[in-house]
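Colleague: Letter by letter, the chains look like this.
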Amino acid sequence: MLRISIDKIDSLFAAISEKQALYIPADRADGAAEYKKYEAGMKLSEKLNTVRSAKDFFFPQTENLVEFKMEGKKIEVKDIRQESEDFVIFGVRACDARSFTILDKVYLVEPVDSFYKNRRDHGTVVTMACTRPSETCFCQAFGIDPTAPEGDCAVWSDGSYYYFKANTEKGQAFVDSVSSLLEDGDTAELDKTVAKTKEIMGRLPLAKLSTENFGGDKLNEYFNSDKWGELSESCLGCGTCTFVCPTCQCYDIKDFKTSDGIRRFRCWDSCMYSDFTKMAHGNPRLTQLERFRQRFMHKLVYFPANNNGEFGCVGCGRCLSKCPISMNIVKVMKALEVK
Amino acid sequence: MNKNLKEQVLRSSGVNVLKCMRCGKCSGTCPSYDEMEYHPHQFVYMVEKGDIETLMNSKSIYKCLTCFACVDRCPRNVEPAKVVEAVRLAAVRKQGNNHMTPADLPDMLDEDLPQQAIVTAFRKYIK
Amino acid sequence: MQRIGVFVCHCGTNIAATVDVKAVAEALGHEPGVVVSQDYQYMCSESGQNLVKNAIKEHNLTGVVICSCSPRMHENTFRKAAAAAGLNPYLVEIANIREQCSWIHKDIATATEKAVILGRAAVAKVHLNAPLIAGESPVAKRALVIGGGIAGIQTALDIAEAGFDVDIVEKNPTIGGKMAQIDKTFPTLDCAACILTPKMVEASQNEKIHIHSFSEVTDVKGFVGNFTVTIKKKARFVDETKCTGCGLCTEKCPMKKVPNEFNMGLDNRTAIYIPFAQAVPKVATIDPNYCMMLKNGKCGVCSKVCSVGAIDYKQEDRFIEEKYGAIVVATGFNPIKLDKYDEFAYNQSPDVVTSLELERLMNAAGPNGGTLLRPSDKTHPHKIVFVQCVGSRCDDSKGKPYCSKICCMYTAKHAMLIREKYPDTEVYVFYIDVRTPGKNFDEFYRRAVEQYNVHYIKGMVGKVTPQSNGKLHVQASDLLANEQLHIDADMVVLAAAIEPDKTARPLATMLTTQMDTNDFFTEAHPKLRPVESATAGIFLSGACQGPKDIPETVAQASAAAAKAIGLLCKNSITCNPCVAHSDELMCNGCSSCEKVCPYGAITYIDKEFRMPDRTTKVRRVASVNPAVCQGCGACTVACPSGAMDLNGFSNSQIMAEVDAICK
Amino acid sequence: MQVNENKEFEPLIVAFCCNWCSYAGADLSGTNRLNYPTNVKIIRVPCSCRVNPMFILRAFQRGADGVILCGCHPGDCHYTSGNYFTRRRMTLLFSMLDFLGIERDRTRVEWVSAAEGAKFAATMNEFTEAVKKLGPNRRLEDLRCRKQ
Amino acid sequence: MQETMINRAKQLLADGTVTRVIGWKRGEFAYDITPAVFESAEELESDFVFDDFTSANVSKYLVKESAKEGKVLVFLKPCDTYSLNQLTKEHRVNRDNIYVIGIPGGPKLDIEKIKAKGITGILSVRNENYTLKIETIYGEETMPFSEAILDKCASCKSKKHVTYDELIGEDGDVLDSNRFDMVEKLENMTAQERYDFWREQLSKCIRCNACRNVCPACTCEKCVFDNPNSGVENKAASDSFEENMFHIIRAFHVAGRCTDCGECSRVCPQNIPLHLLNRKFIKDINELYGAYQAGEDTTSKAPLTNYTFDDCEASIVHERGVE
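Residue numbers (the numbering used here), protein chains in the order written: chain E, 1209 to 1547; chain P, -11 to 115; chain L, 57 to 719; chain S, 549 to 696; chain V, 38 to 360.
Just so you know, these hints were derived from the structure itself, not from any lab.
It is possible that part of the hints are untrue.
What the hints assert, rightly or not - With a straight-line cut-off of 25 Å between C-alpha atoms, the simulated DSS-like cross-links for lysine-lysine are:
{"no.": "1", "chain 1": "E", "residue 1": "K1426", "chain 2": "E", "residue 2": "K1547"}
{"no.": "2", "chain 1": "V", "residue 1": "K101", "chain 2": "E", "residue 2": "K1486"}
{"no.": "3", "chain 1": "E", "residue 1": "K1286", "chain 2": "S", "residue 2": "K695"}
Please model the entire structure based on the sequences and the hints provided.
Modeller: Below, the structure is given as structure tokens:
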């Protein structure tokens, strides 16, 4: 398998970033990790995951859609779409990698979202297998193997080397572009690391979490469950869970008045917000209970119903650690589950 | 007028002499009035004018009993006695004008005088 | 869709000389929503206004922008013109391109550019203007005067004279106030009673004036033109309608050792009493603290001697409620308590008295029948020391920071009267400054010095010590002679500072009027609206607003009456429609707005809302009384949710202006 | 406002003036023909206390380089107490802007009475100069509103 | 302590004094505790928890809960009682419908600080003599208790309960805290340094509104930032200006009302020290208008709805700072 010694990773990053923009998870001053554009000397974070997910690269929090120029009483519509530059995201975890599959099911089906597609076409996702999962991890519940991440190219580490394997054509192109820096090597050490990780995965507190009682056909079981009241009672209605979530895909479109016209942009929305999907006639979900239910029903029932049983959650655990009042999808599943 | 001295007196007393409305109640209330060359209300006014040296050289400042009657009764909270004390301090601090040298001490020893007083005076009046 | 007309005025050459008015009209014509944009020589002229009126009709305009002089000049002119053409007057906005553009700039290019921007801001604002209709609220044709001293009496007489009913609420058993206690008045030296009592009688006999003596205001609700006031008529245990004021009961009452407040406690009265001979109403009152019948049921003498059966030991406090259009506050003043001034020995010697006590000592109806005698031994004083500014102009906790204003003059009066009546008495006046601004005031003071030989000494008394021989040792400074004086006086008279009556502050709270830190009522404007409070419909009369002598008090009393009459004359009040309003759906009921409202225009109501889940919820929300609100907007910023907004200057309007200017 | 290489930087100043004192003071400086720069654009408000911190931020967002708030002198407020609230609100707001590193000379409160036409003009001249020295507002601008 | 609280709550439920109890409910792990309403002895018995991680200020829930029928019991730490007082003062809660039991305050633990040490796979956290024994899937770890306490507890302003119906344990005192140290440090920087500091911090903001929604002073029926008519509404910052504006206006709206409970910084998923903005206002208010502690009582006039004739002018901002 192609590999590179861990202490040479800087040269690999340098080589990639020469050709295209490279983003890697790096530690911030406050200790948390976030994706940053690679600059010489930047260190790959050892944190399990970033606070914000990798979906930002394809579906940024705000994005300009169109501009209207106004002069006096004349209005001119300006298409501001531009072809994206090629870029690489390095070090995406298996959970986030799966989230792109989910987002693709929303944005790449007809009508295709040209903004999303543009970025998706130009971005290469290089994933990184996990070795030190956290208590909040439950990707296994959604059939994700963190030791064998998806993405254009997967990378493993055994502590001494990074191993590379292309999953797609784009991934192969990526590997080819840096092949001069890679060498072939045996995977005996790596196999041990993977086996160890798999063993740890089995011991995680949420290892037994199962989705078998959820899915597209469970609408009637759960929609009117009397648990929703109790579960949503403490919800503050903030958007933390949705904004750190790698699969949340809802957005709102707004107009901003600039000095000489209007800029129409979209920005993430949250089903936890009181004006979520508010329309001219009013709001279909008037209480926090309904909005809270929407988020979980969407991930556990509605999304699989429309996507061949695929769930809208990847078990990254971000909402578990970031919710101000520690209410999350795991607690909801456990409370709700009817066996 | 010596600006520095005035500053020093104002600062060490913490008194705002501009609050004085010249009512003279301090002088009306002062038990040492007749002993003084400059009376409490004049004191305040002289400090305002910056005429501190005259005060420092006057015996009046040592005639003040610091009974604080003027402080208590001043309708404007000017606190004349604090100004008096500040001028005394200014006099004490004036270099070259110290009232004692170690050589003076033996002559001052007096069996009626508590030693404490001598030590205190010595500390206070020597450089 | 908005249809806005823009009208650019040349103002002769005032604007046109530095602003290219044609270019401004042209540029603004391209703004969204503008359907007509014209310029004209004099827009405020008859023909200019016609231009606007015709355009409104012809183009069916929904908004008008006039680029002209300051709105302070002609906003009303153009609003009237718009109204005449059938457009709501509040759909007119003015862009000030004269005072704030053409007159201050010289370069035509930049001045024109700025004029366009100012015009654009006005267009942006007028897009968001809403038609406003000035509300009206009826005026109750009755006034309330709180306080029955000379200020209250004068105000009541003037209002009654204009034909309106007026009620006086006086907390004491009789009206008359402080002036009734005064012996003579400066600078004419006429007898206070001789000029006051006829007014008291006039007030009592005027059909329009209703005196509620021995009464207090306990609650005030409502707003200008429409106050509802609760008055407590305290039990006096005598039926006012029956009592003839014959005074027999007061002669027979066995409880004769009650300190007489009318005489400043210098002598005694009975438990049932009439404060003084000319009291109005002349009705007896029983003092329940001393009456043995009320205290332990043993006596009943007054009831037995009363030939008309007016005594009613079972009488209770009564509350009456009345509606008023205007309220005049005339709560007056009191001398401050002197307990904290130990140095003047006020509490130690009966011969140290306040000036008001001296008034009683010298008054023919006073404790000594008008002969000045020392309270201690009833001997004639030969040396009297007056001390000025006792508690006035003080920067400490004991006194008041202000000048009490009246003391210089009454002390000159006292000194003069004493010297006149008792030429063998020496009089000393210790002063800090002698303040005599007033008609014939300084002449009066000079007479005291020159003609009556009163010793005026610049300096303050430091200490007064009662001696065993009955004299008062006065230690003082003479600042001009630079010496300390020691005088053995027979009497010392202290010119105590005056302060607002204690009832003023709770009253101010009820009236939602403002007070300064000294508890004087604050006038609406210190120069231009001196007799109105900032709360509409509340007027200020006399010393409750600040220290005043009698002539000033009477002048202000009549002025307050004039203001009140001006209000009462109206059948209804047109309200300024540019007032705040609260969006109840967004209001939190947090009370922030109420706390910054200077007018008390905001109240809270519990309102029922339909909740999303079809339940109902009762929530506390703010409600603005448009008749009281003056439209300052303080509440709009205090409101964190933005529920409070201001008509005519709404958040969105101001932000639209900002946007247009910064474009 | 834009900076042009060969043109001096001309700041945009937004002045909020209370109707009763400062707006009248501005009128007076006009009546007396006392010049101040065209950079200053006045917005009339009933009282200085009507000015919401949001308006001030809005002005900066939209491209103002300086914002000045004028009201009646303390004690003279037409509504008796409005400017006292203004004073506290603006002191705190300006302190916060300073805390965030926004140049303090971009904001000011000045009390101008209806009689102080000369003071109004002098204040505006002075303030415009002070803002000119700071250069364009970059720390509190919205790039979307920057003029091309 | 937990036992005492549960027993007292059960008593009050049983004798009908209250119908519901607001407290904390245990979670999946040692630290993920959720505020909850308990209605029965059984629920209390099985789920009620009070330990080193029960840091959430539950006073805000009283806005909703005290409007319902029946009295509600709430356990409040000293800092939480300030919040309740402020809510009472602003008529946002019905105090008569609340039964407050004052309980001892922190210091409480910050799981983020434990995780920042690289400790992961956390199964349990035990406090043994102020050393934390942390059991993880990767073995046991230890760290000093003092290094893991919440920032808000490290600068605790008061151990005193300002309102309660009964107390469990002793009442404490108002403390001399060091809470303004960081504000002062920033004040002493140059404007450029402060600007850079705040840009770095505020650019992290994802506008999740957690700070606002957790804040007991932010109980508006509709926030200006959610109201399209307010002129400042936005859902996400499209420009750094909007990041600044949101936090300036938010801090301004709670100026003189913020009780400095520290929840905003605790819940921020991006670790932005938002409390510094609030503390800046508190510090300014204390220095310029006299010491004022929001929530200390329910009657005093708030600094921004009050004034004195001789307040300092706004130019004081120019006069005092460093450049």
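Colleague: List in ascending order the numbers of the hints, as given earlier, that are violated by the structure.
Modeller: none
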